Each structure stands twice: as structure tokens, then as C-alpha cells.
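> So the sequence lines, in the order shown, correspond to chains Y and W.
Take the first sequence: its letter number 71 is residue 87 in the working numbering, and every next letter is one higher.
Take the second sequence: its letter number 293 is residue 389 in the working numbering, and every next letter is one higher.
In case anyone wonders, no lab produced these hints; they're calculated from the structure.
Be aware that one or more of the hints could be misleading.
What the hints assert, rightly or not - Away from chain W, derived, C-beta distances all over 10 Å, residues of chain Y: (1) Lys19; (2) Ser27; (3) Ala38; (4) Ser103; (5) Glu123; (6) Phe126; (7) Val175; (8) Ile281; (9) Leu297.
As the list claims (entries may be wrong) - Derived CB-CB ranges, DEER-like: (10) Y:Met30 <-> W:Asp196: 21 to 31 Å; (11) W:Glu401 <-> Y:Gly33: 50 to 60 Å; (12) Y:Thr18 <-> W:Thr306: 38 to 48 Å.
Claimed, not checked - Where chain W lies over chain Y, by a calculated footprint (3+ residues, C-beta under 8 Å): (13) 45 to 51; (14) 155 to 166.
For clarity, every value in this text was computed on a predicted model and none was experimentally measured.
Beta carbons: idealized from backbone N, C-alpha and C, even for Gly.
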Amino acid sequence: MTKKESNTTMSAMMHQGRAIYAFFERNWNITKRYWAWELVWLVYLIVNALSVMYIGVNAQRFSTGKVDTNFFILYLLIGTAVWSYLSVTFDGVTDVINMERWEGTIEYTFMAPISRFTHLIGSCWYAVVHGLLFTFIQLVVVGAFFHVDLSHANYLTVVFMLLIGSVSFIGFGIGAAILPLLYTEKGMQMSFIVRAVLLLVSGVYYQIEVLPGWMQPLARISPATYVLQGLRAGLMENKPIWSPEVWSNTWPLILTGVISVPLGIYVFSIAERYAKKTGRLKRNG
Amino acid sequence: MAINVDTRPSEENMLIDLTKDAVVIEDVTKVFKKSRPLLGWRKKEGKREVRAVEDVNITIKRREIVGILGSNGSGKSTLIRMLSTLLIPDTGHVKIFGYDVVKDERMVQRLINRVSVEASFFKKLSPMENLIYAARLYNMPAAEARAKIRAILSRLGIKPDRINAPLENMSRGMQQKVAIARAFLTSPIVLLLDEPTTGLDPRSKLDVQTFVRELRDEHDATILLTTHDMDEAEALCDRVAIIDAGRIVALGDALELKRTVAGLMGRTELVSMHEVFMHYTASHLITEDDIKRYGSWEKAFEAFEAQREDDEERE
């Protein structure tokens with residue numbers, strides 16, 4: 017590579033890096049200005065998590081046998097935390113299109129000289145940080161209401177599983193962002209279906225073995241299933257990252273991430289071309 | 097003559113042949129198909145196609161300001177969107193300095209910017225936050241961008257205390273000025289202005305028009321402007337194209353068009369641009385034969401308009 021080519025490559029990388037930061041900074045500024053809505057959303061997530069947790073507290077009253085309430089509460093706590101994380105991250109990713117369509121900026125972002133990879137990764141990066149922050153606050157508040165036994169927790173495994181799982185969530189989120197791109201009015205609502213199916217099949221509040229047989233293969237392709245199983249192994253059984261229990265959930269997540277992100281971006285680029293042919297890149301709202 | 101255009105110190109150099117025409121629109125057609133309603137087979141099939149742009153050909157030279165005049169729905173914005181890489185033409189080619197808007201999309205995006213009729217911003221954010229975001233997407237360092245943003249906004253008459261306040265508190269005219277600043281910020285070689293002064297007060301209009309001229313004179317920009325404002329078109333543009341029902345029905349400098357229409361109307365003095373526009377966008381292009389048949393241009397115009405209204409009522 018000649019010096020000129022090397023400089024051009026460096027300059028191009030700097031440009032894409034600057035653009036990725038632009039999306040992060042923009043979303044952070046928007047979050048600050050919509051702080052009241054952020055607060056409402058956070059309170060909703062906390063109240064929702066608390067109501068689920070009280071099912072665990074109440075379980076002993078419904079049972080004639082012995083129920084390990086602590087185990088059940090921790091099981092549900094992990095479910096609510098992962099579900100909140102997935103919801104916030106997924107919303108952030110699908111909002112890449114929704115928010116811009118609503119504000120009318122979508123055409124300006126799509127005519128900027130940046131790759132779609134840069135655009136989507138820049139927006140997703142913020143969604144992941146936003147999701148992690150919300151989940152952390154939720155865990156702290158909910159943890160104050162219940163006595164949760166975390167003496168067997170391996171926090172390194174927890175962080176590892178969340179980060180590995182985020183990649184797959186981003187891939188699925190990019191795939192779901194196609195819906196608001198193609199369906200200008202109801203695309204957002206349609207993307208909720210993807211989230212709802214993930215909630216149903218991923219074993220958020222129950223083990224996937226209780227699902228009907230025909231539904232269980234869906235659980236096997238949901239990244240949330242592996243994140244939850246890995247987190248439960250780490251938080252409840254002190255399993256380290258390299259343990260077989262965690263690894264059996266890590267490799268499917270790596271595989272899903274490696275497939276879903278490039279596939280999501282590829283499918284998004286096809287949808288973008290279709291939108292440009294049919295005139296769907298326009299303001300709505 | 098091929099030169100490296102380096103409008104910003106950190107920008108990757110762009111090889112542009114400035115001897116090429118700035119904008120070439122060749123045999124371009126864009127048809128939108130209306131989506132079939134759910135259970136559509138039960139409904140009566142109506143007209144399902146809208147021919148937004150039809151067989152358009154225009155070549156614009158470097159440093160030229162060309163105006164496109166047309167009524168609402170005539171295809172002006174569709175044409176601008178195709179130049180902006182936001183719409184893919186069904187047939188034909190659109191090229192910016194030899195780069196095809198579909199095949200060389202990224203390169204074209206680095207050469208152009210656009211101002212649309214709606215100031216499209218994150219309204220909760222301030223002009224500075226919105227423009228810094230735009231600058232970063234165009235590879236401009238934040239420090240350089242901040243200085244440039246203040247200079248451009250001040251030049252457009254926006255007071256310093258408004259620069260960091262949310263855009264939603266600004267009037268539509270002020271928001272439109274920020275939109276214009278966004279386009280100027282990236283020093284585009286081709287600037288696409290889609291009704292940029294709609295909604296601005298007369299003083300703001302003049303500010304924008306002066307700035308557009310400056311951009312051409314000092315930065316050698318080529319400008320394509322759509323407008324409803326005949327005076328603006330006449331004052332700013334080297335040439336004017338009139339578009340009607342997706343077709344370019346007239347193209348030339350304003351004086352040439354006025355002379356032609358005045359001749360058709362049998363007048364010795366020049367007609368106004370408004371009359372030029374009415375002539376070319378009439379329901380039926382009025383020819384010398386029509387004028388002979390009806391006695392005058394005005395009578396022929398009235399007769400054809402009455403006929404169009406009758407036809408519409410029958411439909």
C-alpha cells in the first residue's frame with residue numbers, strides 16, 4: 017500500500033469513526049432533552065419488574081409443596097432484567113428509522129456520505145449503552161425491595177453474557193428496523209411483534225421446556241434464550257465464562273451474532289434500495 | 097481538467113473532472129405505483145400510476161444557477177430527490193460531475209447537499225447540536241464546525257443567544273435559515289435547493305438569495321433551485337426550466353422565455369415571468385394557431401381552462 021493509499025484509508029476510517037460518534041452524541045442529546053419521557057419509561061420498567069417479582073414472592077401460597085422462593089425470585093429477576101435490557105436496546109435500534117421519520121430528518125441521514133454499517137452501528141452502540149444503564153438502575157431499585165441471594169454470583173460471566181448477547185440483539189434489531197423503513201405508518205407497531213415473539217419463546221419467566229413442542233425450535237434460534245441461560249448459570253451457580261454450562265450458551269450467541277449482524281445489514285440495504293425505488297424515504301408525522 | 101477538490105482539510109481527496117457538466121439529467125422518468133389496498137381485488141381499480149417525472153433532459157454547467165418552476169405536484173421535488181440519491185430513477189441517468197447517482201452514490205453524496213421546503217431537524221435540539229451532528233456526518237471536525245456554524249448563522253441573521261436554544265422555539269423562517277446553514281456548512285459543489293425561501297419574510301429571502309450568489313461566486317458551486325417565486329427565479333437564475341405534469345415544457349434564460357411568450361401574445365413589451373409560467377403550464381400549450389382561432393392568447397387560455405374544468409367534472 018502506498019503512502020497516499022494509506023492516508024486515504026486512514027481518512028476514510030476517521031470519517032466513519034466521526035459519523036459513529038455523531039449518532040451517539042445526537043442520541044445522547046435527544047435523551048437529555050426528553051428526560052421526562054426517559055423517567056416515565058424507567059419507572060414503567062421498574063414497576064413492571066416489581067409486579068413480576070411479586071409473583072415469585074406469592075408462589076409459596078399457591079403451592080402445596082415446598083417452593084424455593086429465593087431461587088424463584090432470582091430466576092424472575094434475571095428474566096425481568098434481560099427483558100428490560102432487550103426491550104430498551106431493541107427500541108433504540110428500531111428507533112433508528114422511526115425517530116428520524118417522525119422528525120423528518122430521515123432523508124438527510126440517508127443522503128449523508130456514510131455507509132449504512134456506520135449509520136446502524138452508530139445508533140446501535142448508543143442503544144446498548146442506554147439499555148445497560150436502564151437495566152442497572154432497574155436492578156438496583158428492584159434489589160432494594162427483595163432479599164436476593166447473590167452469594168453464588170459470577171459478575172464477570174454476567175457482563176460477558178450481556179455483551180455477547182448484545183451483538184445478536186443488534187442483528188435482530190436491525191432486521192426489525194426494516195419494518196418501519198418499508199411501512200411508513202405502522203412499521204413501529206409491526207416491530208413489536210418481533211419483540212413479543214422473543215418474549216414468548218425465550219424462557220424469560222419460565223423454562224423453555226414448558227413450551228409446546230412445535231414452539232421450542234423457535235426458542236433455539238432466539239438469542240435471548242442463550243443470554244438468559246448463561247446469565248442464570250453465572251448468577252445462580254457461580255459458573256465462570258469458560259465453564260461448559262456457560263460455553264454451551266456462548267457459542268450459539270457468537271454464531272447468531274456473526275450471522276445476524278451482517279445479514280441484518282444486508283437485508284436492510286435491500287430494503288433501502290426498495291424504499292428508494294418506491295419513494296418511501298419520506299417524512300411521516 | 098481533473099483536480100483534487102479538497103474543501104475540508106480532513107476530507108479524503110475527491111477526483112473531479114471540472115470540465116464535465118455539473119449535472120446531467122438524461123431521459124429520466126419516475127413513476128410511482130399506488131399500493132393495492134387490502135382486499136383490493138374487490139375494489140374498483142382506479143388509476144394506479146402517478147407519472148411524477150417523464151422523460152426529463154437537462155444539462156447544467158459548473159457555476160450555473162438553474163431554476164425549476166412548477167406548480168404543486170409537477171415533479172420538482174421528485175427530480176431533486178433523484179439528484180439527492182433518495183430516489184432511484186426508473187429509466188435514464190442522473191450524473192453529477194460524471195458520477196452516476198445510483199452507481200456512485202457515496203461519491204455523489206460527498207459532492208451535494210440539499211435544502212428542502214421543510215426544515216427537517218431534531219426540534220428538541222439546538223441549531224448548534226443539529227449542525228454539529230450534520231458536520232460530523234460530513235467528516236468535519238467539531239471545533240472547525242463550531243466556528244463555521246457561528247459564522248454562517250450570524251451571516252443569516254440568527255442571534256448568538258438562539259444558537260444553543262431548542263429549534264422548536266424558533267419561527268419557521270428561522271428554522272429554514274438553519275436548514276440553509278446546514279447545506280452551506282459542508283461547502284457542496286452542487287447545491288440542491290427545494291423551495292428554500294418558502295415561508296421566509298422578504299428580508300430573510302434577500303439574505304438567502306445573497307448567500308446563494310456568494311456560494312456560487314466564492315465557492316464555484318452549481319445550484320439547482322426549485323421555487324414558486326417568479327421574482328426569485330428571475331433574480332437568481334441563469335436559466336429557468338418550467339416543469340408541468342412531470343415534463344420540462346420550457347428551458348432557457350428568463351429574458352429569452354419572456355420574449356418568446358410576448359411574441360406569441362402579440363405584445364411589443366416583455367411579459368412577466370408569471371405570464372411565462374401561465375403560458376407554459378396552461379392545460380393546453382397555446383400555439384400561434386390557437387391564438388389566431390380565438391383572437392388572442394388570453395381568450396385561447398380561457399377557452400382551454402374552461403374545457404379542462406369541463407373534462408374534470410365529467411371524470
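> When you take the CB atoms of Met30 of chain Y and Asp196 of chain W, is the distance between them in 21 to 31 Å?
holds, 27 Å
> Measuring from beta carbon to beta carbon, are Glu401 of chain W and Gly33 of chain Y in 50 to 60 Å?
holds, 59 Å
> Any Cβ of chain W at or closer than 10 Å to Leu297 of chain Y, or is the non-interface label fine?
violated, 5 Å
> Within the assertion that chain W covers the region 155 to 166 of chain Y, do at least three residues meet a Cβ-to-Cβ distance smaller than 8 Å?
Violated: only 0 residues of the region 155 to 166 of chain Y have a Cβ under 8 Å from chain W.
> Please verify that the nearest CB of chain W lies beyond 10 Å from Ser103 of chain Y's CB.
holds, 23 Å
> Go check the region 45 to 51 of chain Y versus chain W for me, would you? Three or more residues, Cβ under 8 Å, otherwise it fails.
holds (count 4)
> Hey, does Lys19 of chain Y actually stay past 10 Å from chain W on C-beta?
holds, 13 Å
> Look at the Cβ atoms of Thr18 of chain Y and Thr306 of chain W and judge whether their distance stays inside 38 to 48 Å.
About 44 Å separates the Cβ atoms of Thr18 of chain Y and Thr306 of chain W, which means 38 to 48 Å holds.
> Are all beta-carbon distances from Phe126 of chain Y to chain W longer than 10 Å?
violated, 6 Å
> Please settle this one: Val175 of chain Y was flagged as non-interface, so is its CB more than 10 Å from every CB on chain W?
Given a closest Cβ separation of 30 Å, the condition holds.
> Minimum Cβ separation between Ile281 of chain Y and chain W greater than 10 Å?
Its Cβ never comes within 10 Å of chain W, the nearest being 15 Å, so this holds.
> Report holds if the minimum CB distance from Glu123 of chain Y to chain W is greater than 10 Å, and violated otherwise.
Contrary to the label, Glu123 of chain Y does not stay out of reach of chain W, its closest Cβ about 5 Å off (not over 10 Å).
Going down the numbered hints, you'll see the structure goes against 2, 3, 5, 6, 9, 14, while the others check out.
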